[in-house]
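Visitor: Starting from the known structure of chain A, fit chain B onto it as the hints suggest.
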Amino acid sequence: MPPRVVLVTGVSRWLGGALAAELATDPAIHRVIGVDTVPPSPALLRRLGRTEFVRADIRNPMIGKVVTTASVDTVVHMNISATPAGAGGRAPMKELNVIGSMQLLAACQRAPSVRRFVLKSTSAVYGASPRDPAVFTEAMQARRVPSGGFAKDSQDIEGYVRSFGRRRPDVDLAVLRFTNFIGPRIDSLLAGFFRMPVVPTALGYDARVQLLHEDDALAVLVRATTGHFAGTVNVGGEGTLLLSQAIRRLGRVQVPLPTSTLGSVGRLTRRFGFVDYSPEQMRFLNFGRVVDTTVLRTEFGYAPRYTTVEALADYARTVPPVVSPALVAGITERVENAVRRAGDVVEAVGQRLHPPAPAPGLRAVRDA
Amino acid sequence: MPEARVIPLRPDDDETRLPPPPSLGWEQQVADVLEFLRRRLTGEYDTDEFGFDPDLTDHVLLPLLRPLFARWFRVETQGAEHVPATGGALVVANHSGTLPVDSLMATVALHDHHPAQRRLRLLGADLVFDMPFVGALSRKLGATLACTEDVERLLTEGELVGVFPEGFKGIGKPFRDRYTLQRFGRGGFVSAALRTGTPIVPCAIVGAEEIYPMIGNARTAARLLGLPYFPITPTFPLLGPLGLLPLPSKWLIAFGEPIETASYGPDAAEDPMLVFNLTDQVRETIQHSLYQLLLQRRSVFT
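Going down the list, the protein sequences come from chains A and B. Positions 1 to 368 (our numbering) are the ones given, in order, by the first sequence. Positions 1001 to 1302 (our numbering) are the ones given, in order, by the second sequence.
Bound-form chain A, shown alone (with noise of 0.2 Å):
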């Protein structure tokens, strides 16, 4: 049976006013209710249709009224913030997530009509450290837990929302373990940190990296709110790339810095609304993450799109590259050509010098 009364929190973001234009688009799904502390943008506003916006803050006890009154069925929670830049701060980005989710599940488990929730959590759970396995499977745990920043806030959230499931058995959770988002329109944390031209990284390290692409991210969204998948799942693109590699595939010029003179780049680069170096952010970039999508392809019926190399190949469509793949090729095939020139003429020289050998035919007549 699918969804009628569908609630989005972080509607007013990217992914989230997407979802929420998708589900208006499905005349089985009576209401959809956006939630966010701030207003859309204009256009972000058309695109969402029928959607009916409700200004709240979800660390608000209002948002139980919103909940009740409008007997919301599904719960789509997307309102993680993964940036002290986003929210103002670390100690707001901290009660965003973690208050806010609470009060939302506080909400939610008054609310008799809730049957479903949908979190959209991040494989940032699963930490990022020298000790880990190459590849996570969501039976896995991080081996060494993330001290504080979003990943810490993502756990806590899932801590939550498991809690919830055991008082609310009734309820099918669906928690999606999301890689790093990327595309042409999203705006995700890694996007930013590409957009640079000239890209500071940790000297001696190279983090593998996997992506996945906006409209993959989307479908997800849209299949685990409308369908009955219950339980946790990595979402992530097929195959990898380093880091290095990526930014070598933009056109990026990657600066390698030690690392203790990172922080302060990244305190400069934030300034000017770049990206931030979080020490949580640095571990992710320099030893990367990579999750098994078995679960996804198989228990969850999705087969992402865009693998991890096209999903930065269509991402690279919307950045011009600082050092052009044509302009490499030219000058490759330009000293390639010079090398081939001074090549004839040393053979040339060398052939005067030393005459080549009498022609086969002369062998035959002298052995006759």
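No wet-lab data here; the hints were simulated from the structure. Note that this is a predicted model, so its numbers are computed, not measured. Treat the hints loosely; a few may be bogus.
[As the list claims (entries may be wrong)] For each label pair, taking beta carbons as the anchor points, the in silico distance ranges come out as:
id, chain 1, residue 1, chain 2, residue 2, range
1, A, 88, B, 1032, 52 to 58 Å
2, B, 1032, A, 317, 28 to 34 Å
3, B, 1220, A, 342, 56 to 62 Å
4, A, 355, B, 1032, 28 to 34 Å
5, B, 1117, A, 238, 32 to 38 Å
6, B, 1292, A, 352, 57 to 63 Å
7, B, 1273, A, 4, 57 to 63 Å
8, B, 1130, A, 170, 43 to 49 Å
9, A, 347, B, 1180, 56 to 62 Å
10, A, 166, B, 1115, 53 to 59 Å
11, A, 353, B, 1238, 36 to 42 Å
12, B, 1085, A, 353, 58 to 64 Å
[What the hints assert, rightly or not] Short, incomplete list of chain A residues facing chain B, as computed with Cβ under 8 Å:
id, residue
13, 135
14, 203
15, 204
16, 208
17, 240
18, 241
19, 246
20, 248
21, 249
22, 325
23, 328
24, 340
[As the list claims (entries may be wrong)] Computed footprint of chain A on chain B, listed as stretches where at least three residues anywhere in the stretch have a Cβ under 8 Å from a Cβ of chain A:
id, segment
25, 1026-1032
26, 1036-1049
27, 1132-1140
For glycine and all other residues, C-beta sits at the position ideal for the given N, C-alpha and C.
Guide: This is chain B only, laid out in the frame that chain A set:
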């Protein structure tokens, strides 16, 4: 006047001549190098989920190791035919030499002296992946962390996995204990082979013990640097960086007959007695072939 023409008396003479051997001209080599550089600059090469970079391994890392393999240590490979040409297998070897040069030489041996040019996927301690440069480079060479999850994933994907169960106990043992195998961990490698039903290939490496003869261990320095041992050899740290030059010992690498595990079934991994017995069997096979190889070698350096 028409030009003089040489008319071959035996027209088929030219055909019986063998064409010159297809050696790569230097022009082709230059073109290959440039093409490699272009690939590296634009990122158009493949890497896998473990961070393995075959392009870099084949064009940079293996060519760097080959002179060490062929000229410096004059490695002789024996019994490469015991390593299966396809499918997963676990190569278990003794570990020695203060620095893990033996694992690199085994990688070269299996790539260059096995008919199927097999790639050995090494397993390393977490310390390896904690270190800058070393960790990233190890992953690019195909190594990954020695943990059950990674081993089983590699073996089920049909890769050849190289493991040194002695770990730091083997590589960091004093010179007087050379060629005596240390404890073989907790037999985790046997459980992994049993669970995936892949054969275990015992491998004995002779020669690595003498490259950096460790006559002492500076424990305080090791503790300060967070290392399991800090070697003192006749040349290190006495001669500084020159002490990092390995002694040119003569090496022998021998692969033994594979020990099959598939017939036990995957549940056998839960039987500790069987795991212990298989571990001992592998250990004794390696120890035995170490003694045999030492008899074959005329002296340490020839």
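Visitor: Please list, smallest to largest, the hint numbers that this structure does not respect.
Guide: Result: hints 5, 11 and 12 break, sorted rising.
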